[in-house]
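Here the sequence shown stands for residues 5 to 62, where the numbers follow my numbering.
The hints are simulated quantities; they were obtained by calculation from the structure and are not laboratory data.
The model shown is predicted, which means the values in this text are computed figures rather than measured ones.
From the three backbone atoms N, C-alpha and C, an ideal C-beta is built for every residue, glycine too.
Take the hints with a grain of salt, since some may be wrong.
[As the list claims (entries may be wrong)] Quick list of simulated restraints, FRET-style, between CB atoms:
no., residue 1, residue 2, range
1, Ile28, Ser6, 50 to 56 Å
2, Met5, Leu37, 31 to 37 Å
3, Leu37, Asp7, 37 to 43 Å
4, Leu50, Ala26, 43 to 49 Å
5, Leu47, Val18, 40 to 46 Å
6, Leu53, Gly31, 49 to 55 Å
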Amino acid sequence: MSDFLSMGGYGAYVWPSFALTAFILVGLLVQTLAERRRNLRRLEQLRSLRRGRTDSSE
């Protein structure tokens, strides 16, 4: 197991690279989900404005 973790002497470079990559990917996922939530809220606001405008014009 120790040999696997040391990666032939390159473990000090490999594991932090994996950790940084995972951190960035999780951050992008969180950002994407937050943006999606904002966009869905904004879409619902726009739809309700449109419904209000079409209801009042009839």
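Here's how the hints hold up against the structure:
no.	hint	result
1	Ile28 with Ser6: 50 to 56 Å	violated, 28 Å
2	Met5 with Leu37: 31 to 37 Å	holds, 35 Å
3	Leu37 with Asp7: 37 to 43 Å	holds, 39 Å
4	Leu50 with Ala26: 43 to 49 Å	violated, 36 Å
5	Leu47 with Val18: 40 to 46 Å	holds, 43 Å
6	Leu53 with Gly31: 49 to 55 Å	violated, 33 Å
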